[in-house]
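Quick note on our numbering: the sequence shown kicks off at 181 and runs consecutively.
Since the hints were derived computationally from the structure, they do not count as laboratory data.
All values derive from a computational prediction rather than experimental measurement.
Each hint should be verified, as a subset may be incorrect.
Straight-line C-alpha distance at most 16 Å; calculated EDC-like pairs for lysine to aspartate or glutamate [to be verified]:
1) 454 <-> 475
2) 278 <-> 310
3) 417 <-> 386
4) 468 <-> 458
5) 398 <-> 386
6) 468 <-> 479
7) 454 <-> 431
8) 302 <-> 366
9) 384 <-> 479
10) 407 <-> 396
11) 292 <-> 259
12) 331 <-> 313
13) 209 <-> 184
14) 332 <-> 431
15) 391 <-> 366
16) 490 <-> 458
17) 384 <-> 356
18) 369 <-> 474
19) 373 <-> 386
20) 384 <-> 401
21) 369 <-> 394
22) 373 <-> 474
23) 292 <-> 320
24) 417 <-> 346
25) 373 <-> 471
26) 468 <-> 356
27) 416 <-> 346
Computed beta-carbon distance windows for the label pairs [to be verified]:
28) 510 <-> 257: 19 to 29 Å
29) 510 <-> 399: 47 to 57 Å
30) 477 <-> 408: 25 to 35 Å
31) 285 <-> 237: 19 to 29 Å
32) 309 <-> 370: 23 to 33 Å
33) 221 <-> 327: 35 to 45 Å
34) 471 <-> 242: 46 to 56 Å
35) 472 <-> 302: 18 to 28 Å
36) 391 <-> 454: 19 to 29 Å
37) 454 <-> 412: 28 to 38 Å
Don't be surprised by glycine CBs; every beta carbon is placed ideally from N, CA and C.
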Amino acid sequence: MNLESELIILGNGTEWCSCSLNKLTSREKVRFFNERLPLKNRYILQIARLHYSYKLEKYIEIPGKTIWYKKFCKDLGLDANKHQILMIYDRNILGGEKSFIHYLRKHFPTIKLVYVFTNIVKYTGAKERDYVEKLNGWYDVVFAFDQLDAKKYGFNYSPLIYDSFEGSSDAENKQDLVFYVGQAKDRLKDLIKSFERLNEINIKTDFNIVKVTEPEMKYSDIIKYNKTMSYKDVIKKIKSSSCLIDIIQGESTGLTIKNCEAIVYQKKLITTNKSIKEYPFYDSRFIKVIESPDDITLDFFENNRNVVYKNSDYFSSDKFIERLVKALNE
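Just need the whole structure built from these sequences, with the hints factored in.
Rendered as structure tokens:
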């Protein structure tokens, strides 16, 4: 399905956002801004950053931000005479700024506004800044990352947008190597148990866990703790592994970026997300759903080594455009 309007995207500032959207942002009618503030002049940007300081906003609401709106819109390429869609990712600072949304509605009456979540609502910028309940009134379409959130708040549903990143060179695939990179959050205990189970059955691991306190750092001679890695390096690691592991937060049913990575790069996946069985790409030969690390078995690695998923385009930008066009026309 074609997108006739111009699509302008305000990302969340992360490297994975720009990498995963690389195919979408290469389209002729798509523009992408992954800066926290959409300003092209770096000197003006520095001044605006001070005005939008996170540290200050924790204590006071800084007045006078409307002085930037005209410049934001100019640098975004907004035009009241064109049919345009502005898509804003959660955790972009402008996404929850009521006065900015009102400015857009006033000066660009034909614009369509779209908000995109990349996590369960409980762990989002919209939740932290207390505007989740206002989104349906501000935006034409809101895409929830989690189907339960979509039902609860009356949002549309869309999985993460994720295409393979061609800027990363292919690496040699190491058989029976399980790769993990991510924050500890509430899953550190299960990650450690999974590491122990994989070692029991002689499966190699490459675990990289951040935001871990020193007393919690078990097996620190093997597991890498609190070391940052660029997302392009993460992709190289994914390509050189045979399996990824996904321990979900709490009761989330959303498909995390690790699910996207496994399907798009054709890797096996170990996950605690039972809802993955409901999706069209699910294949029990390549995806192991576990309730505890003890469910990880050696035969999962030894059998069906040639991983090929059906419907591996589920997360693609082409599929997202179909969902977007449908939602805007409803």
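Now the hints, each set against the structure:
no.: 1; hint: 454 <-> 475; result: 13 Å, holds
no.: 2; hint: 278 <-> 310; result: 12 Å, holds
no.: 3; hint: 417 <-> 386; result: 9 Å, holds
no.: 4; hint: 468 <-> 458; result: 14 Å, holds
no.: 5; hint: 398 <-> 386; result: 14 Å, holds
no.: 6; hint: 468 <-> 479; result: 11 Å, holds
no.: 7; hint: 454 <-> 431; result: 10 Å, holds
no.: 8; hint: 302 <-> 366; result: 13 Å, holds
no.: 9; hint: 384 <-> 479; result: 15 Å, holds
no.: 10; hint: 407 <-> 396; result: 15 Å, holds
no.: 11; hint: 292 <-> 259; result: 12 Å, holds
no.: 12; hint: 331 <-> 313; result: 13 Å, holds
no.: 13; hint: 209 <-> 184; result: 8 Å, holds
no.: 14; hint: 332 <-> 431; result: 14 Å, holds
no.: 15; hint: 391 <-> 366; result: 11 Å, holds
no.: 16; hint: 490 <-> 458; result: 14 Å, holds
no.: 17; hint: 384 <-> 356; result: 6 Å, holds
no.: 18; hint: 369 <-> 474; result: 13 Å, holds
no.: 19; hint: 373 <-> 386; result: 14 Å, holds
no.: 20; hint: 384 <-> 401; result: 14 Å, holds
no.: 21; hint: 369 <-> 394; result: 14 Å, holds
no.: 22; hint: 373 <-> 474; result: 8 Å, holds
no.: 23; hint: 292 <-> 320; result: 6 Å, holds
no.: 24; hint: 417 <-> 346; result: 14 Å, holds
no.: 25; hint: 373 <-> 471; result: 12 Å, holds
no.: 26; hint: 468 <-> 356; result: 14 Å, holds
no.: 27; hint: 416 <-> 346; result: 11 Å, holds
no.: 28; hint: 510 <-> 257: 19 to 29 Å; result: 27 Å, holds
no.: 29; hint: 510 <-> 399: 47 to 57 Å; result: 51 Å, holds
no.: 30; hint: 477 <-> 408: 25 to 35 Å; result: 33 Å, holds
no.: 31; hint: 285 <-> 237: 19 to 29 Å; result: 23 Å, holds
no.: 32; hint: 309 <-> 370: 23 to 33 Å; result: 30 Å, holds
no.: 33; hint: 221 <-> 327: 35 to 45 Å; result: 42 Å, holds
no.: 34; hint: 471 <-> 242: 46 to 56 Å; result: 48 Å, holds
no.: 35; hint: 472 <-> 302: 18 to 28 Å; result: 24 Å, holds
no.: 36; hint: 391 <-> 454: 19 to 29 Å; result: 26 Å, holds
no.: 37; hint: 454 <-> 412: 28 to 38 Å; result: 32 Å, holds
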